[in-house]
Amino acid sequence: MRLALRAPAFVGMGLVHAWRWSFGLLSRGSCKYHPTCSQYALDALKDYGLVRGSILAGWRLLRCNPWSRGGVDYARDQRLFR
Amino acid sequence: MMMLLPLAHILTPLENLLRDVLRWLGPHGTIGLPWAWSIVALTVIVRLLLVPLTVKQIHSMQNLQRHAPQMKEIQKKYKTDKKRQQEELMKFYRENNINPASSCLPLLAQFPVFISLYLVLKHFPHLPGDNLEWLGLWNITDKASQGWGPVLVAVYALSQLASSYFMSATAEKSQRIMLLILPIAFIPFIINFKVGLVLYWMTTNLWTVGQGLVTRRLMPRPAAPEKRSSRTPPKEVAAPAPALAPEPAPAAAAPGQPRKVKRKKQNRGARR
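Same order as they appear, the protein sequences are chains A and B.
According to this note's numbering, the first sequence is numbered sequentially starting from 134.
According to this note's numbering, the second sequence is numbered sequentially starting from 198.
Mixed in with the good hints, there may be bad ones.
Claimed, not checked - Once the Cα atoms are required to be at most 16 Å apart in a straight line, the calculated EDC-like pairs of lysine to aspartate or glutamate come out as: (1) LYS280/B with ASP180/A; (2) LYS288/B with ASP206/A; (3) LYS269/B with GLU284/B.
Said to hold, decoys possible - Residues of chain A placed beyond 12 Å of chain B at every Cβ, according to the derived structure: (4) ARG135; (5) GLY157; (6) LYS165; (7) PRO168; (8) TYR173; (9) LYS179; (10) ASP180; (11) TYR181; (12) ARG193; (13) LEU194; (14) LEU195; (15) ARG202; (16) VAL205; (17) ALA208.
Calculated from the structure, these hints are not laboratory results.
All of these numbers come straight from a predicted model, not from anything done at the bench.
Beta carbons are placed, not taken as given, at the ideal position from N, Cα and C, and that holds for glycine.
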């Protein structure tokens, strides 16, 4: 039952892995945050499920732009969903 | 695959936009280029729009180079703990107001363009009888595995290699090896794409290379020597050591102190 509830998040995590093993390979180690955006997405999906995890990952990606400053930022430290 | 369908719908506006721009550039549009060259022109337009972003990235790269020695120290300090090392580096960036050169969003932004162009090429807006050839060798709607396609794929792989070389800010050995392997590993996939898509990818890579060459020239170089000075000493120390070691051996053999030579060899073996 629990596994069934988490299935959507697994789909999202699969997509992240698909990214990692395709285009992501070209841009290895080029994220200004720690952990990287893809790792953040995996953590967020695992901890918060598909919908909230996707929102968190999307927000992180938007923050990972040339005008932001980067830094240490873990999914568990998020303040959007408490 | 089911999950990717809504993704394709999200991309429809971008797909339409690319198709419109291609039509505008193409033989029946305002500019009137042949189809293949309009793909090249489209790529150049996309990259031109990204130039301000690149300028920004170059500035941050310069800033990074200026702080390279301190960063090296941090990396040395936390050599064993990669996670801690990364965290400390990030803290250092923050304290010194460094904006790391690379970020995920621009990289990810290329992905939808690529998929949209793939969809555009699937239903390419040409009329019957249009010239679809490029340089008389490739038909842009053909698969890259046909005819002269593999040659183009080979050129693509080279351009990918060159552009990765210019894009990689870090000189980590494992990453360098990846950069060499990846373009080759991609060939089996790329060869199944349409020639037009390979053309886009190749052009964008060549643009990256050209941009890299120009910025290297234009970049003021106060940072570069600093970076070198931090790099060269270990090399100079490391290089003469093995070079000198075999040299004294024959020289020392004449005076007759073979023991020392043996010890040196043992030591070196132990270190390795």
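ask   = Which of the numbered hints are not met once you compare them with the structure shown?
value = 1, 5, 6, 7, 8, 12, 13, 14, 15, 16
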